[in-house]
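K.L.:
Below are the chains, spelled out letter by letter.
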Amino acid sequence: MSIKRLSPEDALALNRFDVDEGNPHIIVDKAICAKCTARPCLYVCPARLYRIKDGQMTFEFAGCLECGTCRVTCTDGGVTSWKYPRASFGVTFRTS
Amino acid sequence: MADDSFDAIVVGAGPAGCSCAYTLAKEGKSVLLLERGNSAGAKNVSGGRLYTYALEMVEPGMYQRAPLQRKIVREQIMMLGSNTAMTVDYADYGFGENVPQSYSVVRASLDEWFASECESQGAMVASAQLVDDLVVEDGKIVGIKCGEDEMRANIVVAADGVNSLLGQKAGLFPDTKGHAVGVGVKETIELPDEVISQRFALKEDEGTARVAIGCTDGISGGAFMYTNKGSISLGIVFNPEQAAKNGRHIQEIFQEFKMHPAIQALIDGGTSIEYGGHLVPEMGYHGIPKKLHREGMLVVGDAAQFGINTGLIIRGMDLAIVSGLAAAKAILAAKTSTEVGPLYMQQLEELGLLNNMKAYSEFHNILGITRIFKEYPALANQIMHFMFTVDGKVPPPMLKQILQIVKNNVSWGQIASDGWKAYRSI
Chain A
1432 MSIKRLSPED ALALNRFDVD EGNPHIIVDK AICAKCTARP CLYVCPARLY RIKDGQMTFE
1492 FAGCLECGTC RVTCTDGGVT SWKYPRASFG VTFRTS
Chain B
655 MADDSFDAIV VGAGPAGCSC AYTLAKEGKS VLLLERGNSA GAKNVSGGRL YTYALEMVEP
715 GMYQRAPLQR KIVREQIMML GSNTAMTVDY ADYGFGENVP QSYSVVRASL DEWFASECES
775 QGAMVASAQL VDDLVVEDGK IVGIKCGEDE MRANIVVAAD GVNSLLGQKA GLFPDTKGHA
835 VGVGVKETIE LPDEVISQRF ALKEDEGTAR VAIGCTDGIS GGAFMYTNKG SISLGIVFNP
895 EQAAKNGRHI QEIFQEFKMH PAIQALIDGG TSIEYGGHLV PEMGYHGIPK KLHREGMLVV
955 GDAAQFGINT GLIIRGMDLA IVSGLAAAKA ILAAKTSTEV GPLYMQQLEE LGLLNNMKAY
1015 SEFHNILGIT RIFKEYPALA NQIMHFMFTV DGKVPPPMLK QILQIVKNNV SWGQIASDGW
1075 KAYRSI
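Chains A and B, in that order, are what the protein sequence lines are.
Sequential numbering from 1432 applies to the first sequence in the numbering used here.
Sequential numbering from 655 applies to the second sequence in the numbering used here.
Sample of chain B residues at the chain A side, in silico, Cβ under 10 Å:
#1 N698
#2 S700
#3 R761
#4 T830
#5 S885
#6 A898
#7 N900
#8 G901
#9 Q909
#10 E910
Derived, one-sided and incomplete: chain A residues facing chain B with beta-carbon distance under 7 Å:
#11 V1475
#12 A1518
#13 F1524
#14 R1525
Derived by calculation from the structure, the hints in this document are not laboratory data.
Cβ atoms here follow ideal geometry from the backbone N, Cα and C, with glycine treated the same way.
Go ahead and model the full structure; you've got the sequences and the hints to work with.
P.N.:
Shown next, in the form of structure tokens:
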């Protein structure tokens, strides 16, 4: 493979994720997000896990890099709970 | 542990936690070092340069055992235009002599090594352990909880990183805010070692560190590039609040930077092997929480928001190591549990950490001069373009044209106010 522009999905596929199925470590209240106009999460999440689909906020915790940016930038409190994934789950970096 | 209690529990096996655990264990203290990743370093992301003096403070010569990458002898500053780039390349081979000043590092191997050093000094290291809560008795922190398990110690050292949920749980400080941090994204790109040496004009153990501006779509922030052994770390740190207002995704801006012809040429033929994201404390001295301790607990490293970013120099890991050492020294010296906190603050002074941060205390204001991230790099590139263009046409008078280029990008009033702001910041 040579160097090319990576989509967020391609970039995340480089990492190892052990997904704690059914047990998200970040809880997003979509009703709050529906009223939020700023929505910084759409632009600042390095993994681009916050997206608008059919006019609704969606959040996918599986590819989370555990950086905390969504929590510290959230303006309206839609990120109601932010924890680290349970032990042995989440992202594993081989280099970084 | 006969009575199931430790002298110290250190939460987080990054540079701060390891430096603390190592020093305590070496002095014969019983230490439990907990790491939430499957191994130390597995959850950690950094740009990738460690200033060696910090390891030397922990133990002279220790750096020689560490899995460091390349000793940095070339410092480069790059200003990018859309299809142009201007780079200042400062080679200083003195930086590589004796105890080399700094090394590029890869956290997965660095942190794992540091944790194993703690283990060899007798610390108990437990990975895949997420600390959920603190145990508090009579207003004093006496231990931690991992799920159902409760573990006790005379002191808990929170080395749990920039998000420090433990420091928040202890009521020492509120959560970080978007304006106080940068969000960094990074790709690690694998390339044969010889290719890296050739492209950057390096001997095999030498390395380059590069910072770049003009690649953030006008958002406060900049890029970095470090040469490792067999890989290159490439990333950008953005101000997240500005990024959100800007309305373009940071991952996309980073990809554009990566594909800039002047960057792409350096990583061409390589393979992206990892993508990381991380928060960086950006407020420097003013970002340090007022309270870094309470009875039974100390906060070290990123958790204490220790960081220096001058634009040219980015420091975090060295400060983390020094703060871990300061915590260990305070714990060793204290006769009662109430003494530990004040002794820690005293050690942070004595080891020079706070004064180092004070020396750059206003530098974060430079990040507020937004034209540094777009207009000035563009201006520099346009002047270069003008000066190096030969196309057979009669060129306009040089000084007049340069002034015109300046005027096209910024007003004299803006230059004056930015210059004044920069002067006041440094």
